[in-house]
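**Student:** Take a look at the letters that make up each chain.
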Amino acid sequence: MTPATATAQAELTYREAVREAIRDAMRRDERVFLMGEDVGQYGGAFGVSLGLLEEFGADRIRDTPLSESAFVGAGIGAAMGGMRPIVEIMTVNFSLLALDQILNNAATLLHMSGGQFGAPLVIRMTTGGGRQLAAQHSHSLEGWYAHIPGLRILSPATVADARGMLWPALRCPDPVLIFEHGSLYNATGSPAGHDSADITTAAIRRTGSDVTIVAYGGTLGTALTAADRLAEQSISADVIDLRVLRPLDDATIMESVRRTHRAVVVDEGWRSGSLSAEIAARITEQAFYDLDAPVGRVCSAEVPMPYAAHLEQAALPQPGAVVDAVRAVVA
Amino acid sequence: MLRIRRFEERCVELYSATKIRGFLHLYIGEEAVAAGVMAALEPADAVVSTYREHGHALARGVPMDAIMAEMYGKATGCSRGRGGSMHLFDRATNFHGGSAIVGGGLPLAVGLALADRMAGRSRVTACFFGDGAVAEGEFHECLNLAALWHLPVLFLCENNLYAMGTRIDRAQANTDLAARAATYGMTAHAVDGMDALEVEKAARRAAAAVRATGSPYFLELRTYRFRAHSMYDPDRYRDKAEIARWQQRDPIDTLARRMISDGELDEPGLAQLNADVEAEVAASVTAAEQAPVEPVDQLTRFVYADNEGLP
Ligand SMILES: Cc1ncc(C[n+]2csc(CCOP(=O)(O)OP(=O)(O)O)c2C)c(N)n1
Ligand SMILES: [Mg+2]
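Protein sequences appear in the order of chains S and U.
Residue numbering for the first sequence follows this note's numbering, starting at 1 and increasing by one per position.
Residue numbering for the second sequence follows this note's numbering, starting at 1001 and increasing by one per position.
Derived from the structure by calculation, the hints contain no laboratory data.
Possibly wrong hints are sitting among the right ones.
[Unchecked claim] Simulated restraints on C-beta separations:
id, chain 1, residue 1, chain 2, residue 2, range
1, S, Asp29, U, Arg1257, 33 to 43 Å
2, S, Ala281, U, Gly1061, 45 to 55 Å
3, U, Thr1018, S, Thr207, 35 to 45 Å
4, S, His147, U, Glu1141, 21 to 31 Å
5, S, Ala281, U, Ala1075, 35 to 45 Å
6, S, Gly77, U, Ala1275, 57 to 67 Å
7, U, Glu1141, S, Met112, 17 to 27 Å
8, S, Pro294, U, Tyr1304, 49 to 59 Å
9, U, Thr1286, S, Pro247, 50 to 60 Å
[What the hints assert, rightly or not] Stretches of chain S that chain U covers, calculated by requiring three or more beta carbons in the stretch to come under 8 Å of a beta carbon on chain U:
id, region
10, 39-45
11, 116-125
12, 202-212
13, 294-307
Built from N, CA and C at the ideal position, the CB exists for glycine as well.
Pulled out of the complex, with its shape left as it was, chain S reads as follows (with noise of 0.2 Å):
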């Protein structure tokens, strides 16, 4: 066994399965490189980026004056340009510095060039809540991004997914956004093997029969949670991990659906308008006649985040809601 692959099977923080799928990306494509505010010498606002610039050098782990704006449009332009960008955007919340850049260019450029232009690049970014940042750190705004076409949305919620979907998302030729739930970074799991993961599926991380919980990132957890205290209650739940939030893998859940007869969604975003609305949609379309009870949803309170503990907990979806939420349809 080589050393790199010992590191691969080893246990590794979600942080570390970003920071190796970053190195190894560089390692085997020499167009790659990342690029962000306080990602070389800072080692990343989060330390995903840690000792990268020793290895890489300033040129491809490259840190940028504060300009979201500039810099990661000046991805998508070295997109165009034959490079493969990783734009690293510190939160969500920032991001909306680049909305523009992200929707007006790199969602737009491969359709208003008939086909001439595209933007390969990966933007990654944090988001979500649960660490009493307040109103403009804590935010759940990839379903946003997720109505946009153009865009592939990716939410790795396990280190194996932290650690594959990088490659793949380099390799594709759309413009990809990989949003990290900034409570997952010290989560530890195994990358086994994953060098690169699929990025078009989403996977069933529970196998039940009585209902159909749908989760994402932040949320994975929550429902894996709720999905044992309902165990304890004789109901089963099948979990799906959505992973791809655009395109929506729309078949992993209607196969679902069709077995337990019961779904509840749950989002770390605001309920009105949000990814857990375009499920249910999906859903009363799809399997509507397979449905025994309305689909459930449990997402963030429609308040901007409060920083007291509390407060923010009460705001977020918690695994009593969910149970409580399947109790409903079930019942």
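Using the hints, position chain U with the ligands against chain S.
**Tutor:** Chain U with the ligands only, in chain S's frame:
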């Protein structure tokens, strides 16, 4: 300045004790800027601040109890527990908040000044931001707009040489920030931000000019943060000798020495000041500990102005 220093030192302890959470950005080392600027402002003036704003809020007169309670996330906090360290707000002192989007406060300040202009109010809007914000597009858009429309904004760039781990010369092609601001068509110059009296003098002159002309003015306050960017930051990117060099210019020591040599303060007087501040900080902690938390059934309050919580 002492109030800011002791308050924040206590916050560090409380953070370690997990009483305070979230991001905590300390102002220690930069106190002369807040103290000097706030001394030059009138009560009616508006202040727009950043996430490194404990010092701004305290010097502006936001009660320490309300700030400490906010750090605790309590119902008695100046933002009723919704904001935390980065989002301190206080209407009574026209303190328009703590914004944690770098550069995000500048458009607000321009808008406040525009409203004043349109309503015929004559006041200054003081807008704080860091050297890092100068790289953001919003900075350039806002200086241009304020100059173009002759809006009464006092732009206060706290140049502490770093934006998180990025030293200014690694982010700015031209590090003379005042010179760059001047190209937008406003008076702009740099000030020693480690000297409270120098800051106050410059801020008085600047505020008077804004009041007299109704036009913007830019001060670059050259300062330094003695602590890491936030409690999450291991501070790997700065030379310890550089920090030590700046610490020799501690703004509190500088002022105390000057006041003692001028006969305005003596050692017992300084000790008394320290004791008074310690007592104020201790009282704010006790009050915050005892304060109630916001009931969870109030979670959806303050989302819309005309309701007390839509579902
Ligand atoms: C738009 C945006 N991008 C990135 C960040 C993350 N961030 C928070 S503070 C900071 C550094 C800002 O430096 P500066 O403006 O010099 O202010 P200082 O912290 O030195 O007071 C960064 C990059 C942010 N809050 N907002
Ligand atoms: Mg700075």
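**Student:** Within the assertion that chain U covers the region 294-307 of chain S, do at least three residues meet a Cβ-to-Cβ distance smaller than 8 Å?
**Tutor:** holds (count 6)
**Student:** Quick check: does the Cβ-Cβ distance between His147/S and Glu1141/U fall within 21 to 31 Å?
**Tutor:** holds, 27 Å
**Student:** Is 45 to 55 Å respected by the C-beta to C-beta distance linking Ala281/S and Gly1061/U?
**Tutor:** holds, 52 Å
**Student:** Holds or violated: the region 39-45 of chain S covered by chain U, criterion of 3 or more residues with Cβ-Cβ distance under 8 Å?
**Tutor:** holds (count 4)
**Student:** At the C-beta level, are Ala281/S and Ala1075/U separated by a distance inside 35 to 45 Å?
**Tutor:** Holds, since Ala281/S and Ala1075/U (Cβ atoms, about 39 Å apart) stay within the stated range.
**Student:** Given the range 35 to 45 Å, decide if the beta-carbon distance of Thr1018/U to Thr207/S lies inside it.
**Tutor:** holds, 39 Å
**Student:** Just tell me: holds or violated, for the beta carbon distance of Asp29/S and Arg1257/U against 33 to 43 Å?
**Tutor:** Cβ of Asp29/S to Cβ of Arg1257/U: about 59 Å, so the range 33 to 43 Å is violated.
**Student:** Within the region 116-125 of chain S, is the number of residues with a Cβ closer than 8 Å to a Cβ of chain U three or more?
**Tutor:** violated (count 0)
**Student:** Just tell me: holds or violated, for the beta carbon distance of Glu1141/U and Met112/S against 17 to 27 Å?
**Tutor:** holds, 26 Å
**Student:** Are Thr1286/U and Pro247/S spaced within 50 to 60 Å by their CB atoms?
**Tutor:** Hint holds: Cβ distance 56 Å, inside 50 to 60 Å.
**Student:** If you check the beta carbons of Gly77/S and Ala1275/U, does the distance land in 57 to 67 Å?
**Tutor:** holds, 60 Å
**Student:** Does 49 to 59 Å hold as the CB distance between Pro294/S and Tyr1304/U, or does it fail?
**Tutor:** violated, 27 Å
Hint compliance for this structure: hints 1, 8, 11 and 12 are not met, and every other hint is.
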